[in-house]
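J.: Read off the chains here:
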Amino acid sequence: MIQLHTPFSCSALRIWAWAGLFLTISQALIAQVDRTQAPKAGPAPTIAIGDYHLEKLPNGLTLIVVENHRLPRVSWELSLDITPIMEGPKTGFVRFAGGLLGTGTTSRTKAQIDESIDFIGGRLSTTSEGIFAASLTRHTDALLEVMSDVLLHPSFDASELEKYRSQALSGIASNATDPGAISGNLLSSVLFGDAHPYGEVETAATLKAITREDLVAYHSTYFRPNVAYLVVVGDISPAEAKAKAMKYFGSWEPAEVPVTPVKMIGMQQGNQVCFADLPGAVQSNISIAHVVQLKPGEPDAIAVSVMNNILGGGGFSGRLMQNLREDKAFTYGARSSLTPDRTLGRFVATANVRNEVTDSAVVEFLAEIQRITRDLVTPEELNTTIQYMTGSFARALENPQTVASFALNIERNRLPKDYYKTYLKKLASVTAEDIRRVAASYLRPENLYIAVVGNRSEVAEKLARFAGNKKVQYFDALGQPVKGYLPVPDGLTARSVVEKHYELTGGVAKWRNLKGVRKLGQVQMGLPMVLESELWIQYGKGLRAEVRMSGQVMMQEVATPAGGQIAAQGMKKEVTGTELESRLRDLDALYLLNAMDKGWEFLLAGIDPQGERPQYVVEVREKGKPADSPPAETLYFDVESGLLTRISALKVGTTGPTQTDETYSDYKEFGGFQFPTSVAMTANGQSLTSTFTQIEVNPKFDSQLFTLKP
Amino acid sequence: MSHPHLLGLGLAVTLGMAGSFHASGQTRRIPFESFDLKNGLHVILHEDHSTPIVAVTVMYHVGSKDEDTTRTGMAHFFEHLLFEGSENIGRGEFDSYVEGAGGVLNANTTQDRTFYYEVLPSNQLELGLWLESERMLHARVEGVGIETQREVVKEEKRQRYDNQPYGQLLPATMEAVYREHPYRWTPIGSLDHLNAASYEEFMDFYRRFYVPNNAVLSIAGDIDLKTARKLIEKYFKDIPRGAEIARTQVVEPRRQGEYRDTIWGKDALPMVVQAYPIPAQGTPDYYAVEMLNQVLSGGESSRLNRRVVDEEQLALFCGAFSFGLEHPGVTLAYALASMGVDPAQVERAMNEEVEKLKRELISPTELQKLQNQIESQFVQSNSSMAGIAESLANYHMYFGNSDLINTEIDRYMAVTPEDIQRAARKYYDPAQRVTLYFLQTPQTQP
Chain A
1 MIQLHTPFSC SALRIWAWAG LFLTISQALI AQVDRTQAPK AGPAPTIAIG DYHLEKLPNG
61 LTLIVVENHR LPRVSWELSL DITPIMEGPK TGFVRFAGGL LGTGTTSRTK AQIDESIDFI
121 GGRLSTTSEG IFAASLTRHT DALLEVMSDV LLHPSFDASE LEKYRSQALS GIASNATDPG
181 AISGNLLSSV LFGDAHPYGE VETAATLKAI TREDLVAYHS TYFRPNVAYL VVVGDISPAE
241 AKAKAMKYFG SWEPAEVPVT PVKMIGMQQG NQVCFADLPG AVQSNISIAH VVQLKPGEPD
301 AIAVSVMNNI LGGGGFSGRL MQNLREDKAF TYGARSSLTP DRTLGRFVAT ANVRNEVTDS
361 AVVEFLAEIQ RITRDLVTPE ELNTTIQYMT GSFARALENP QTVASFALNI ERNRLPKDYY
421 KTYLKKLASV TAEDIRRVAA SYLRPENLYI AVVGNRSEVA EKLARFAGNK KVQYFDALGQ
481 PVKGYLPVPD GLTARSVVEK HYELTGGVAK WRNLKGVRKL GQVQMGLPMV LESELWIQYG
541 KGLRAEVRMS GQVMMQEVAT PAGGQIAAQG MKKEVTGTEL ESRLRDLDAL YLLNAMDKGW
601 EFLLAGIDPQ GERPQYVVEV REKGKPADSP PAETLYFDVE SGLLTRISAL KVGTTGPTQT
661 DETYSDYKEF GGFQFPTSVA MTANGQSLTS TFTQIEVNPK FDSQLFTLKP
Chain B
711 MSHPHLLGLG LAVTLGMAGS FHASGQTRRI PFESFDLKNG LHVILHEDHS TPIVAVTVMY
771 HVGSKDEDTT RTGMAHFFEH LLFEGSENIG RGEFDSYVEG AGGVLNANTT QDRTFYYEVL
831 PSNQLELGLW LESERMLHAR VEGVGIETQR EVVKEEKRQR YDNQPYGQLL PATMEAVYRE
891 HPYRWTPIGS LDHLNAASYE EFMDFYRRFY VPNNAVLSIA GDIDLKTARK LIEKYFKDIP
951 RGAEIARTQV VEPRRQGEYR DTIWGKDALP MVVQAYPIPA QGTPDYYAVE MLNQVLSGGE
1011 SSRLNRRVVD EEQLALFCGA FSFGLEHPGV TLAYALASMG VDPAQVERAM NEEVEKLKRE
1071 LISPTELQKL QNQIESQFVQ SNSSMAGIAE SLANYHMYFG NSDLINTEID RYMAVTPEDI
1131 QRAARKYYDP AQRVTLYFLQ TPQTQP
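Protein sequences appear in the order of chains A and B. Take 1 as the starting number for the first sequence in the numbering used here and just add one per residue. Take 711 as the starting number for the second sequence in the numbering used here and just add one per residue.
Think of the hints as simulated: they come from the structure by calculation, not from any bench. It is possible that some hints are incorrect.
Capping the alpha-carbon separation at 25 Å, the derived lysine-lysine pairs in DSS-like fashion look like this [stated by the list, open to error]: (1) Lys421(A) <-> Lys470(A); (2) Lys421(A) <-> Lys295(A); (3) Lys864(B) <-> Lys328(A); (4) Lys940(B) <-> Lys40(A).
Covered, in the sense of this in silico footprint (three residues per stretch, anywhere, with C-beta under 8 Å from a C-beta of chain A), are these stretches of chain B [what the hints assert, rightly or not]: (5) 753-763; (6) 1062-1071; (7) 1080-1091.
Just so you know, even glycine gets a beta-carbon here, dropped at the ideal spot from N, CA and C.
With the sequences and hints as input, model every part of the structure.
T.: Quick look at the structure:
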């Protein structure tokens, strides 16, 4: 650009002049950089969702293929579409079945499986709900060979089970100081309780009860192609994927797979403070949580997700993060999640905070949860969050597994085929009013659990004020209630407590001579009408119960040592086995004493000081069961009156274990005996109360009273 | 729920490689272009239009090894401070600008470098450049931010170390391995030091290290190279160059015999940690040690896993991995003993496996397995734009050669069974070893 033909002096001048000119120009360019304003975005790029191929194979296996040749790798994910099941006293067997699946087949040892997978640099992992395998494209056949063998011919080798068990037991020990693991147990246990599969927590006792047969049965029941998806992602065409699927999984036989309905659990009333002690902890792991009834893909799901993101979602802009971290500096991070689920979802807001601000942090959590249910969010918050979620959606598409997971969600949850194609549009249309509405209907600021893992002596009692009952409930590292029983006076035993109850209610000898009773009263079971009840018991012979409405018999039950029957509304059912056995207890006037003599182990565990009146606690276990295993029944006797007030039992039925509670109150005298005139039974949130108005001692029994109908 | 918790220490071995796959004969090069601005800022660009996103990252060559011995934790603390705002960005606005644009942002600090990133929709490239240039040009470091982040970092330390099972594993190990070199403290540093630091010290730190000639701007994603270059010039070219940085010259002296210690804590199961000094990352022997660790703990069939965890069930997990660092680093072999197992027994089994490798060459089949594993990891790694941007920056910062993203695998593939044996003999040397037991403090009966 510089004119070189001009004389030197001149050119030197000109160069300076030009240089000056350039300087100004470049300064002008700098001046154009307006640093005070964020630059404007360019035109929004199109977000394209890749396609997938879906096909059902002859054995019922659903094949989903997402073809993506960017990298020379293919992943194969087998995913079962099954409902969670109750595991009861063997909690952990479902996980064991999944974990042990990959540890041996009828023709391969664990070492051989590991060697084959490692040799090709592949991955193979198994769970109770499927198998994941991946490798470079050229190793596909070697990979599928092993994957198919693991799926179709697992050996569930006994020695592998023992290995797995001992590692799981070590795992429990290792988790005992991990606040995250303890919090997980605590939340499962308090949120879902005994009645829901998500509430079951593995303990040493449950792990020890698992047998090889449990695993074999689980595999043969649930690993079936008709409830399975095979999701193939990567460097492969749908046609090739299908050919491989046919070759390696074509012989997999379908079978009926049971669907276990999951019980709905009752909602607790008032906030509860649940604390697990971690001695020496320098932080409190706080979770504010409750269950949520929201299934994936339901109409409110997207608005709920936006609401949760504003409250405590993924990034740094969430209210919890801004409040508890950026403003108060209580924590490294505060977040929340609201997880829809096909059975029961959950809301959890969480942070780890230093001990001295634990209660202040709870105040902020509760205030933020209140606020979002009450006030409209600002347009800026709404916009930032919708943009953030739009961006997250686009970023997720970088991974081809995302398209596969979209496909799987659509199929599993029966969502419209265009659910994800229209997702961004639905997201953009969420309003501040929507947010307030879903916050108010899905968050329960008055009925939540405040679950804290931390230093009990420094932190716990300061949290009592947040509980509806102003009490802190204590739990152990496995989320089981810490009994906190007080010691019993010297000389008192389980037998003396039980005997005292019989003495106070009439005397052991008099009970022994009692022939039978007839009780009349009412039953309340949450219905508007009152039902009349009549109960005949002839000790040792039989019992007969009738429930009537306006004189019409609604339900009739007969139980004798020879068998039992229940008839209701024209239907008749035979009562046998353990169910019959439990009814026959009522034929024994001194059942508790006699059970003790038959070898059941009664243990006086202590005095429970919680509740309105202190209670003696007697735990009952089957003969030979260790004293730290969960008791089959727990009996409560009022310390002051000495009378039996409650029997709480863990019963294992065909649909899993259930917790039942029977309470006895309003003892009154009839014919020289004290009988409880109010008996309430609760099981899984349902309750039934019987009130007896008249009790006849040694009535005249009709010989036909206990006859079983053919 | 009752799976053993994996330490929360990021013990996973990352080989930090990506690019071409030789054994299969297929090649997928990661193309990039790079240049320096006049102020010394090194720029790397990778163009890929498969997803409409862009990763904008800046890596500063400053980590905990650059800290004063009385101000440990400064580099990491600074990482927190640099989200507080700039002359044109208010407190908290880094977050809201990025998230409001549909992006994510974060940062992390190691012994050797500090790394900031945003992943944005690709039409927001300019926003990312503006934010990062503001951070480099005139970050605002002031009272409220300092006080707030001091508390936040203390909570981070409590959460990650003090209140974590085996949280002292890494700090205690590094402190035992290094006696002179600044690697003896971990990036989280000391809370007392942070309390003692004055405003002037913070500003000095910023002026010294947060300069373009100490940084790499690495961008990967849906960009047009020409436009990107122009925008980079616009936002970065006028940021003044800083003074040359003098680096620590401390050389860790060789040890005269093994060092053993027991660290008491509350965790129930014993942890055994053995640490051996190794050469700096990128040296030929470093790759031999990496392959040696792969023999020991790469996959379920690896030697430590098979024997110690599976066959003898002495441990819940057992492995070996290298802390690849800019200066000579450390390789760790570790095991979490099963309930009721004497840690000495675990240690013996680990040592026997190492001794076997000193005596016998690995077989051609085992070598083939290692190479297949390396190749597979190589293909899987760097599948995201953020990962590619970081790798490109790393390779430039430590080796002056970003093309290692495509070729580093050759260095692994060149390792022979003899190299592995030699590495075992030379580096898994009992006389250079630090052995630590992490045991539960005995309970005293009340």
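J.: It remains to establish, for every hint, whether it holds in the given structure.
T.: Each hint tested on the structure:
Simply put, Lys421(A) and Lys470(A) have alpha-carbon atoms about 49 Å apart, too far for the 25 Å limit, and the pair is violated. A distance of roughly 19 Å separates the Cα atoms of Lys421(A) and Lys295(A); the hinted pair therefore holds under the 25 Å criterion. Taking the CA atoms of Lys864(B) and Lys328(A), the gap is near 13 Å; set against the 25 Å cutoff, the hint holds. Annotation: proposed proximity of Lys940(B) to Lys40(A) holds, straight-line Cα distance about 16 Å (limit 25 Å).
With 4 residues having a beta carbon nearer than 8 Å to a beta carbon of chain A, the region 753-763 of chain B meets the requirement of three or more and the stated coverage holds. Check on the region 1062-1071 of chain B: 0 of its residues sit with their Cβ under 8 Å from a Cβ of chain A, so the three-residue criterion for coverage is violated. Restraint check on the region 1080-1091 of chain B versus chain A: 8 residues with Cβ-Cβ distances below 8 Å, three needed, restraint holds.
When the structure is compared with the earlier hints, violations turn up for hints 1 and 6 and for no others.
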